[in-house]
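Student: Taking the hints into account, I'd like the entire structure generated from these sequences.
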Amino acid sequence: MPHTDSHGRPIVVVTGMGVLTSLGEGQADNWARLTAGTSGIRRITRFALDHMRTTIAGTVDFVPADPLCAPELSQRLADRVAEEAIAEAAIGTLKPGGGGNFPGPLFMALPPVELEWPQRQALAAATGRNDGVDYADLIAVADQEQFRATYRRFLFASIGEHLAERFGTRGSPIATSTACASGGTAIQLAVESIRAGLSEAALVVGTDASVNPESLIRFSLLSALSTRNDPPEAASRPFSRDRDGFVMAEGAGALVLESMDHALARGARILGVISGCGERADAFHRTRSSPDGKPVIACLHEALADAGITPDAVDYINAHGTSTPENERMEWLAVSTVFGDRAGRIPISSNKSMIGHTLTAAGTIEAIFSLLTIRHGRIPPTINYTTPDPALPVDCVPNVARDAPVTCAISNSFGFGGQNVCLVLQAEPA
Amino acid sequence: MPEQSPRDTAASQRDAVITGIGLVSCLGDGLAAHHAALNAPAGFTPVIDATSFPPYPVHPIVALEYERQIPKRQDQRQMEPWQRIGTYAAGQALDAAGIKGNPDLLARTHMIVAAGGGERDAAVDAAILSGLPKAENPAAFLNEHLLTDLRPTLFLAQLSNLLAGNISIVHGVVGSSRTFMGEEAAGIDAVRTAVARIGAGQGDLFLVGGSHNAQRPETPMHYAMGHTLLAGAFAPIRARQASGGGMALSSLGAFLVIESRAHAQARGAAIIARIAAVASDRCPRAPGQATANATRQLAAMPHDPAHTAILSGATGTAAATREELAFLDTIALPIRATATALGHSMEPSFIANIALAADAVARETLFAPLEPGEAAMATPLHHALVTGWGHWRGEGMALVTK
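For the record, the sequence lines run as chains Y and X. For the first sequence, our numbering assigns the number 1 to the initial residue and increments by one for each residue that follows. For the second sequence, our numbering assigns the number 1 to the initial residue and increments by one for each residue that follows.
Since the hints were made in silico from the structure, they are not lab data. Using N, Cα and C, we set each Cβ at its ideal position, and we do this for glycine too. Take the hints with a grain of salt, since some may be wrong.
Said to hold, decoys possible - To spell it out: a stretch of chain X is covered by chain Y in this simulated footprint if at least three of its residues, at any positions, have a beta carbon under 8 Å from a beta carbon of chain Y; those stretches are:
1. 137-143
2. 185-192
3. 379-393
Said to hold, decoys possible - Below 27 Å or equal to it, Euclidean Cα-Cα: the simulated DSS-like pairs (lysine-lysine) are:
4. Lys294(Y) to Lys100(X)
5. Lys294(Y) to Lys72(X)
6. Lys134(X) to Lys100(X)
Said to hold, decoys possible - To list a few chain Y residues with every Cβ distance to chain X over 12 Å, as calculated:
7. Gly37
8. Ala48
9. Pro111
10. Val113
11. Ala124
12. Gln188
13. Arg195
14. Glu200
15. Ala234
16. Asp244
17. Thr310
18. Ala313
19. Phe339
20. Asp389
21. Pro393
22. Asn399
Tutor: Written out as structure tokens, the structure reads:
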């Protein structure tokens with residue numbers, strides 16, 4: 001008998017995971033530091049901070065990238081987490097340096113790509129002008145041989161092409177960009193592909209290494225970032241009354257998904273089940289969520305219905321929890337509407353208190369941490385919770401990890417542009 | 001093979017059919033304007049701007065009255081051109097499908113957008129680049145000017161998913177919202193994903209599309225770095241291969257409302273055409289690899305050779321276009337390399353060609369050749385094969401039928 005869910009669809013399981021954040025590389029290091037309440041937020045050393053209102057981030061400085069630019073570092077992080085996930089799943093041949101043969105498609109969550117200042121400056125230098133350089137001058141020199149690599153590096157398809165070639169995934173790789181919900185969207189695409197019988201396995205990779213001067217400034221101009229620079233590790237304080245914005249961060253997460261039958265047939269170890277996905281767009285505003293929480297409420301209901309469970313089954317919520325005043329107000333409104341009287345008693349913690357907001361990658365990284373929470377029966381805390389917000393009567397697992405059995409978790413991801421994704425993650429079926 | 005008629009089997013209820021098209025380009029505003037331009041008695045006239053980004057010609061967007069689809073000035077101000085073009089085309093598709101302003105249907109409409117992004121403030125960039133070499137502390141100079149000169153809202157024009165976000169806000173499409181990035185392949189995979197989800201019962205109603213603005217200097221600049229552009233005088237796709245080829249980029253918006261046949265029939269929507277199959281793949285483009293992908297795709301697209309034409313998305317870039325045209329010529333069907341007329345619009349190029357294919361099969365008439373190397377078609381058109389080979393990566397094909 002094939003293993004199907006309550007809707008008669010193939011059950012989608014996770015058989016491999018890889019993760020890399022400012023806390024370190026790999027599941028073991030990340031989990032140890034996350035449950036110890038360690039912060040990965042630090043003062044930025046990568047570039048000059050003159051005039052900056054925010055001078056901190058959760059950068060990944062231990063992975064070398066030269067020349068340093070967002071797509072290059074994002075790709076290196078993606079390589080590493082995909083290797084870890086594929087090794088754990090023991091699927092597809094992966095020889096050192098490449099030569100993979102992954103038996104399914106690739107779904108990615110990638111940050112938007114555009115030329116950065118060093119590349120722009122290189123073009124300007126090639127014009128030979130010291131003053132009054134404009135785009136017409138840049139266009140006139142752009143065809144030079146020296147810029148071929150820059151062109152390829154900054155194509156939207158370049159990271160996907162690299163990963164597909166390296167890991168031998170099947171078909172056309174799909175890169176999603178749904179802002180800070182991208183990681184959730186990429187998982188959802190993989191789940192849909194397996195449920196539809198289009199594939200038996202899928203590789204999901206979310207990566208984001210966008211901490212550069214202009215990205216930091218752009219978020220800063222939207223007043224989205226915390227300016228609590230000192231000490232850096234105290235800046236991200238989800239659910240606290242004195243939260244003042246999110247902290248930009250880098251990281252990557254990869255998951256190997258398979259139909260349960262495919263996993264069992266090859267004797268793979270099942271790490272958890274992705275049993276439900278909910279998604280709803282918000283038409284309220286370009287950067288703000290609908291204050292009535294309706295899109296997120298609908299999204300949570302849809303995820304639960306998709307998983308075929310009632311709210312009572314949920315015993316942990318991995319919050320989007322960005323540490324912005326507005327996000328937590330809206331998230332709590334939605335959670336308290338859907339879960340009613342139980343809402344304040346369901347542990348709801350934010351990984352972002354420690355790793356910051358990994359933006360495009362957040363949905364994949366936090367899904368992995370949610371599955372580790374289920375596997376270890378240990379809930380990572382929300383650190384920096386020193387001044388409770390009376391408007392948010394949450395059990396945010398304050399400051400110290402908690403041992404508790406968790407069999408069913410929800411992971412929330414919301415993004416600019418009205419993007420909302422909720423995932424239901426469960427323990428391996430008995 | 002006989003002409004395929006709409007089947008009455010249970011499976012046909014999950015056919016993916018097109019019920020609305022929005023299309024804006026250098027050729028005009030709307031599908032009818034495109035039909036008129038492509039069937040002009042004296043032949044179509046290329047629309048080229050050869051002076052804005054020398055030496056690279058681009059196909060400019062036709063003048064649009066944006067308020068017709070984006071009534072609020074405030075919304076228009078929050079967008080840059082690529083988002084206005086796309087939001088306009090999306091509104092046109094929703095209008096055509098009879099979905100516009102219907103909150104019940106819009107709440108169930110799943111959106112898949114193929115997008116680039118990164119629209120910049122050219123004046124700010126130029127001022128910073130001019131000041132940096134003289135600055136005592138270049139890094140501090142950069143920070144200071146970005147902080148004071150960047151418009152905060154420009155960020156929202158740079159995020160790839162904010163075309164979809166604007167469509168949600170302006171038109172109320174809220175079933176779901178996904179944005180794919182990846183040049184041409186993003187558009188192909190957007191269509192493929194929608195058709196697959198309809199087939200699997202993972203949704204009944206989709207809005208799929210994208211937009212591109214070639215009339216901003218960063219865009220020709222980027223593709224010039226790859227030595228991929230047509231430089232100098234304009235020539236049609238096939239003809240320009242003799243002098244090294246290259247892309248003439250275009251500004252364009254293309255959106256399709258795609259739904260299950262059952263859903264379209266139940267709400268009484270007129271069906272324009274059916275997307276009978278769509279496939280995509282990639283390869284590192286060693287000679288012959290893209291042809292192998294396309295050969296495999298073609299084998300899964302049953303068509304009647306007497307009544308089929310090919311709408312090719314050949315971009316114009318030398319190696320890819322040479323190989324694609326050589327492959328297509330072996331099929332021995334009438335071919336239209338539509339980038340001659342539409343220019344190459346990157347993300348939405350495949351979607352725009354599906355739009356033209358749907359219109360042509362609905363009329364049972366292929367439009368006239370776009371250059372002397374293309375053959376006229378005398379027989380009624382029942383099937384259209386749409387190809388999309390990315391200028392760098394990605395190969396796609398679709399079969400559009402009545």
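Student: Among all the numbered hints in the text so far, which are the ones the structure does not match?
Tutor: 6, 8, 9, 10, 11, 12 and 13
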